[in-house]
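**Q** Chain by chain, the residues:
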Amino acid sequence: MGKVERRSVLKALGLASVGAMTPTMLKAETLKEPYKVTEKAIKTDILVIGGGTAGTIAAIQAGRAGAKTILIESGSQLGGTMTTGGVTFPGIFHAWGKQIIGGIGWELVTDCVKLNGDELPDFSIPPDSHWKHQVSVNGFLYTLVAEEKCIEAGVNIRYYETPTSVEFRNGNWIVQTTGKGITTQITCNQIIDCTGNALIASMAGFDVLKETETQPGSLIFQIGGYDYDSLDLTKIPNEYHRVLRQNMVKNQSRSSSENTFVPYGYVYVPGADSTTAESHTIANNDGRSTLLNLIRKLKTFPGCENLKILDLKTETAIRETYRIDGIYKVTQSDYLEGKVFEDSISNSFYPIDLHIVGKGIHQVFLKPDVVASIPLRALIPKKSKNFLVAGRCVSSDRMSNSALRVQASSMGMGQAAAAAAVLANKLGVSPHEVPIEDLKELIRNHGGILPLRT
Amino acid sequence: MFGRVRMRVMAIFNRLTHSSLYVKIAIVFVVLSFVNAERIKYFQPQTILLQPHSTQVFSVDINDSISESDLLYKVSSKDGTPIFFYREVFTPVCFDNKCRPLTINLYWNITGRYLGFELPEDEFLSKTDHEPFSVDVYEKLNQILATESTPLAEIDYNQLTVKPNSHGLEDIDAITSATPQNLAPYVIEGAAYTTFKLWHLIHGATKNQVQNFTIAEISSELIIKILESPIQADKIWALEHIDGYVDFTPNLKEKVFDLIKGEDYIVVEKALDAISENELDLYDVQQLLMKALIQENYNVKIRVIEKMENCDFLKDSVKIELVENLGSLNGQVFKKALSVLEKQELTSEMYYKIAALLESENSFISNSIKAFLKNENVKEPQILSLIKDE
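Here the protein sequences come in this chain order: B and X. Counting from 1, position 194 in the first sequence corresponds to residue 194 in the working numbering; the numbering is continuous, with no gaps. Counting from 1, position 332 in the second sequence corresponds to residue 332 in the working numbering; the numbering is continuous, with no gaps.
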């Protein structure tokens, strides 16, 4: 081996001596141009805004169906409530001994379960508590797998960007976004608003609705450093028993398929709203301050002196903000009766589940064999063109929304909305003009499970 | 009256056999007395629809809240196919410091699934205030007993009432303490302890005993009969007792592949699990899987292609069929089909067929094909020029 060759090998291995490297390092410093925001203009078929529970699935579906797709996410990772919010317990994909939501959402969940060596509950036996059929997912894996699948599907992911304006011009949407060091003008044919807050629908001038009082958000955390079984609960006020029991470390790592606890703890954040940077900051401040006070309080109880906080999710997860005023509004009776519409494109199964601070959870359960459904019209704002939503901002009354908002249902909506957008783009029409049977076929061909008319 | 006499005889028989270390089997052909219009009885769908012909009685180790051992009756058809099992139960249920007997026959399907209950002639169930059960209440009880996942499984007697009773007796149908709200849907109001006791008898040790008896005489013919049951739980039980239990005969194979269709994906998955690794090497199994991959819907396809990922060597004609159908596959099924092909030795002709998909309008398809061909290290010049990075 000659001298030059040896050196290049050593360099490649990172073994070059410090002495040899130093002159280069000294010369590496250069004067850079002052910071400036660059401008960019790009075109795409479909723009998905929001990389959360619904948006991730929508983007993958659009990409796999061959549409040029951009996904904007204002944060740094995909998954939203599943990952950043920490609700790593999506549900519900099965009802009454049958799978009712499949497709890309189920694929992501099962890929994570397999990769993590976890087990799935026995879905053939309807559980006595609905949450026992939610699936525990490793949130870190979900982040990684979701991103991989987006990239495989050819989706152009753009983190740290958020829209500042949207305008419909000559049959296309012009969306202006801003992000770290960049402003982008995105021209697209179809928009899918997966912000959860109907933010883009509102920016585009479509009507959105909000309750005077909304459900609280949740800040997810994990604590340990104590043995619940050894605690003298008579010396600890009742209101703290649940949080201590649910947050024990041993309850978070499951060795069997059966859920015996919801695998995370949370504090409520009243009025939490993630629509703007300011409102979401307040929600995070409130949640963190409540949690800190809780930790301080818990540490005063006998046996909890060494209690430690082991995990805290990045931001407060949100249950309820804005909903669109859609072509159709799903009602509580539609939901509880399991009404199937001509244009039902996805299922939903969860109890009416309204969280009220200080009063617990108002729940109404679906009767045996009832599965609710979501019509395409509930994903389309009135008077809109080339525009869809997916996720919790679906057009629905408050009670049905409290059930529709959950993750599996949002994933189903994401996939269906993307299929509608793909066809609309291909046919040069608005989503509500897409031939419904063609849409159903496309959804079915990508694993979506369509509601059955009885 | 006959029922009570028979029960006493059986109790004596039970005591006689109790001391044995081994399960003693006595074969008693009796006139089947369980069909009696006068009696109160409620049943679930039967797994095996054959006519009862003979009954065998077994003394078995039960070790439940009633006794350590008891008699278990197996009812079979004329050709010897087991149809169902039953047990004659006589146990005290106590309330208000008084105990009264509960006399009831409990029935199980051969898969261990709850089949039903029957009361002896002139017997009826009543609540703590001696109010007899109405038809609605019997029907509710029948449904409660058929429900496998219930909070009753995880609680003990003391949790059946809001306040623990002060009698020191376990078997209490308390009249003064209310049933906790969360348990109310799972018990008969005013007969919580009776419900609890019956549920645990049905879903306790006897269920396992029944399943063990069935497993002891399991055959591919019996599995086929169980698979014909309209009840999903029976199908799943049968499918879980193929690999390692019975021969995968042509008839059974046909039956299993019949289940790899339709929209009951839980059954589809179990049916695929029933196909052993060894079977996967067989040409007809590979062909049947290919047929399902082509004809069934996405949610079946994805499970089939995941099964095919376990095939080390696909037969040539199956490989060709998979290659020729690649373009009709979508999403993750398409990706997984490529990963199946990755493990196989492919011919130049196959590579050319795969390379044709580079022209797909769907960039997800064309990009995936490009990545696949690059990874395969193909030598074909025309393909190399197509996958060359620009």
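Derived by calculation from the structure, the hints in this document are not laboratory data. Ideal placement from N, C-alpha and C gives every residue a C-beta, glycine not left out. Don't take every hint at face value.
Stated by the list, open to error - Quick look at which bits of chain B chain X covers, simulated, 3 or more residues with Cβ under 8 Å:
(1) 37–46
(2) 98–109
(3) 189–201
(4) 215–222
(5) 433–447
**Q** Could you run down the list of hints and mark each one as holding or not?
**A** To see whether the hints hold, each was checked on the structure:
no.: 1; hint: 37–46; result: violated (count 0)
no.: 2; hint: 98–109; result: holds (count 6)
no.: 3; hint: 189–201; result: violated (count 0)
no.: 4; hint: 215–222; result: violated (count 0)
no.: 5; hint: 433–447; result: holds (count 4)
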